[in-house]
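There are 2 protein chains.
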Amino acid sequence: MEIELNDLIADLQSLNQSLPDPSLRDAFHKIQSRVEHIADLVRAEPVRRSKVKDMSAEVVDSNPYSRLMALQRMGIVENYERIRNFSIAIVGVGGVGSVAAEMLTRCGIGRLLLYDYDKVELANMNRLFFRPDQAGMTKTDAAVQTLSDINPDVVLESYTLNITTVDGFETFMSSLKNKSFSPDKQGNGVDLVLSCVDNYEARMAVNQACNELSQTWFESGVSEDAVSGHIQLLIPGETACFACAPPLVVASGIDERTLKREGVCAASLPTTMGVIAGLLVQNTLKFLLGFGQVSPYLGYNSLKDFFPTMQMKPNPQCSNAACVKRQGEYILAKPARDAAAKAKLEAEGPSIEEGPLHDDNEWNISVLDDCEPADGTNTKSSDALPEGLTHELPTADEFQNPVTPEAPINDNDDLDELRRQLEAINSV
Amino acid sequence: MEIELNDLIADLQSLNQSLPDPSLRDAFHKIQSRVEHIADLVRAEPVRRSKVKDMSAEVVDSNPYSRLMALQRMGIVENYERIRNFSIAIVGVGGVGSVAAEMLTRCGIGRLLLYDYDKVELANMNRLFFRPDQAGMTKTDAAVQTLSDINPDVVLESYTLNITTVDGFETFMSSLKNKSFSPDKQGNGVDLVLSCVDNYEARMAVNQACNELSQTWFESGVSEDAVSGHIQLLIPGETACFACAPPLVVASGIDERTLKREGVCAASLPTTMGVIAGLLVQNTLKFLLGFGQVSPYLGYNSLKDFFPTMQMKPNPQCSNAACVKRQGEYILAKPARDAAAKAKLEAEGPSIEEGPLHDDNEWNISVLDDCEPADGTNTKSSDALPEGLTHELPTADEFQNPVTPEAPINDNDDLDELRRQLEAINSV
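These protein sequences, in sequence, are chains A and B. Quick note, the first sequence lines up with residues 923 to 1350 if you use my numbering. Quick note, the second sequence lines up with residues 923 to 1350 if you use my numbering.
Isolated chain A, as found in the complex:
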């Protein structure tokens, strides 16, 4: 609009010079000053903050990263600024995906790839992020609009497509492989995929892509009664894939379009979705920046404020061929993994620091995994998880060692047994 106003002002000036009558000029001056006033109003509209070259820890009101860089001084993160090197793909920009994208944007993530084919509707306003004035826009366009205003430092790529179509899946695959953001990197063009979709078909598409690319990803979901949800880490070959043993806790399993056609709709709450997005991105930050323990599976039952955890080994008879291939590679790489772990343990030597990390450490927690490898792989923290995390299950005594850590499930009976145990956990 500023361009249009500048053109108008120029026109007025040239017209003014050709006015013969002084009384006309007076009336004309009035019009000119009106236009100048409108131009001032337009120029006074909020401007976006400028880009920041380096993340500074300086404590001034104008520094958008001071509270994040403080994580280093607090002893939580070794090198926060590394976050600018990472690319995250978010599939599904709905109640969970949009909030996850906003959190990562505010944390100063390097690059976000957003995938969705849906449009914003007023019916989405009971969840965080989208605004009523964005109704009718595609979710990807609306998200880019909001996120680029919040943090212009983040590189945003938006893909308005359905990953369950042949073309959509192909574009999805090639976008994950594109290494233009950090060309020196090994592996794929993204560091992590976050699945925030609301149906089985889309989850299976993400699973297929990640198995083929050997790409680590997080699955997330919220129940159709809106009061529970989960996140799950999937490392091809190392953990169960979505086809090995689909979690019993999935978002709904019913396509939203079907629901709408039939005049019914699933319930949703900004609270449950906000909590799931928060747990998802917190585990993403732990995974990327190498602090704390990444949860292999974390549930949220909001009626009881109960948070079950567990882990699932891959199924050697999985129907997904790419998964079976990744399992084979993982087994073959075991001697190398063991040797690396042994070398690392020896290099670290015996632990000296036994006390809490700093005085204000309210839980007396020490950071266990602060030496994550720089390439984004995360085998160590995942291996270290089961022991500490299964303790949280209140019914843990009922089934000691449901799956022995090194013994993968090897027939359908074992899978049925796992399902039974999952049901037992969920029915607590």
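In short, the hints are calculated from the structure, not lab data. Please note: incorrect hints may appear among the correct ones.
Intra- or inter-copy, both count: the list cannot distinguish identical chains.
Stated by the list, open to error - With a cut-off of at most 27 angstroms between alpha-carbon atoms, the simulated DSS-like pairs for lysine-lysine come out as follows:
hint, residue 1, residue 2
1, K975, K1041
2, K973, K1041
3, K1107, K975
4, K1041, K1266
5, K1099, K1247
6, K1101, K975
7, K1247, K1101
8, K973, K1247
9, K1101, K973
10, K1107, K1264
11, K1247, K1107
12, K1256, K952
13, K1266, K1107
14, K1107, K973
Based on these hints, arrange chain B on the given structure of chain A.
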């Protein structure tokens, strides 16, 4: 700006009529059409959605409440629309308070009272809610701007004041007592107070006000290393007040201004604060609408994804006189409470429905507290809590019955013992 443009168009029309030269008129028409084009651009700017008289469960894209009203059909909430009758006071509109306000606004809460004296800064952009273009505005003004755009149905009251000053505290107290929103209601003018402040002094002010008014409130906080937080329900006379036994887990205890002056700052993350806001508002919804179990205390340790729960009885030797007075009233009312509980139990008769509430009930959860009294009190669910919730603690075996439900702490030794147990829980 639309008014200014309409005035300009009128001026142009009157000037046009007095133009003598046809060639001047042509140039003038060009200017008129430019102005019309700018006016079109301005009119196309986003408009706010109109108010909605009744909450409808109709499944159409244009219904902002369809996914919330679906909670009734799903068997979670008996009467969702009751949410429009409730008033919530949010003290502190920072990283937790602003998100809590947005969640309640999107849920269609009746009235929100917002208290803060601080201004939005770019240094706040690492948390959700505020936008860079709001830097320099008071947090209350910026919140009202955003929240009224999101949901014009919510009545917003903003108080730009510091509740720890004499004048501020007085205004805070009188605003909590103001019953103009629902004049037929007993008790105070608000149904719940959410404390989302970041310092000890402000928490003590909220505690004082709520003890004096016998007002139930939730306390919340995030640690200064940004990786843990908690929420706590405080019912004057029934549970420990903030002065009885200040939680060991508090946000920081250091005034933010002091931190800034010394050139250091506490760390913060949108994830931890989003999760705490989500848990806080989810428990607020459970409290108001009578579903699920309200947690008396819920911690979040994000490094381990560990969520400790506990409860604290009031200290009869509490230094807060209003707390001791409320404790006396609570003890005196015990026979009446017991009789009411017995009558309710008899009226309900034996439970018939043993199976899960509906087929898609992923956790096999049945709603325990769906017959909450309509006046917003919540004694039943709070009484029912301890048994179920302490099961979640992994070290529960180590200290069976840390505090016997009906035996309040009666000397300082017991308080020290409680602190010791708390430390044991937190060090897990």
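Hint by hint, here is what the structure shows:
Taking the closest pair of Cα atoms, K975 and K1041 come within 27 angstroms of each other only across two copies (25 angstroms); inside a single copy the shortest separation is 34 angstroms, beyond that limit. For the identical chains of this complex, K973 and K1041 are inter-copy neighbours only, at 22 angstroms across copies versus 29 angstroms inside a copy, given an alpha-carbon limit of 27 angstroms. In this assembly of identical chains, the alpha carbons of K1107 and K975 lie at most 27 angstroms apart only when taken from the same copy (22 angstroms versus 56 angstroms across copies). In this homomeric assembly, K1041 and K1266 never come within 27 angstroms of each other (Cα to Cα): the closest approach is 49 angstroms inside a single copy and 48 angstroms across copies.
In the homo-oligomer, the alpha carbons of K1099 and K1247 lie at most 27 angstroms apart inside one protomer (19 angstroms), although the nearest pairing across protomers, at 67 angstroms, exceeds that limit. Taking CA atoms no more than 27 angstroms apart as the test, K1101 paired with K975 passes inside one copy only; the shortest distance there is 22 angstroms, against 52 angstroms between copies. In this assembly of identical chains, K1247 and K1101 lie within 27 angstroms of each other by CA distance solely inside one copy; the values are 24 angstroms within and 67 angstroms between copies. Neither within a single protomer nor between protomers do K973 and K1247 lie at most 27 angstroms apart by alpha-carbon distance, with minima of 44 angstroms and 56 angstroms respectively.
For a Cα distance limit of 27 angstroms, the shortest separation of K1101 from K973 inside one copy, 23 angstroms, qualifies, whereas the shortest one across copies, 48 angstroms, does not. For the identical chains of this complex, K1107 and K1264 are intra-copy neighbours only, at 26 angstroms inside a copy versus 68 angstroms across copies, given an alpha-carbon limit of 27 angstroms. In this assembly of identical chains, K1247 and K1107 lie within 27 angstroms of each other by CA distance solely inside one copy; the values are 23 angstroms within and 66 angstroms between copies. In this homomeric assembly, K1256 and K952 never come within 27 angstroms of each other (Cα to Cα): the closest approach is 82 angstroms inside a single copy and 77 angstroms across copies.
For the identical chains of this complex, K1266 and K1107 are intra-copy neighbours only, at 23 angstroms inside a copy versus 66 angstroms across copies, given an alpha-carbon limit of 27 angstroms. When the C-alpha separation of K1107 and K973 is checked against a cutoff of 27 angstroms, the pair qualifies only within one copy, where the shortest distance is 25 angstroms, while the shortest distance between copies is 52 angstroms.
Consistency note: the structure conflicts with the earlier hints numbered 4, 8, 12.
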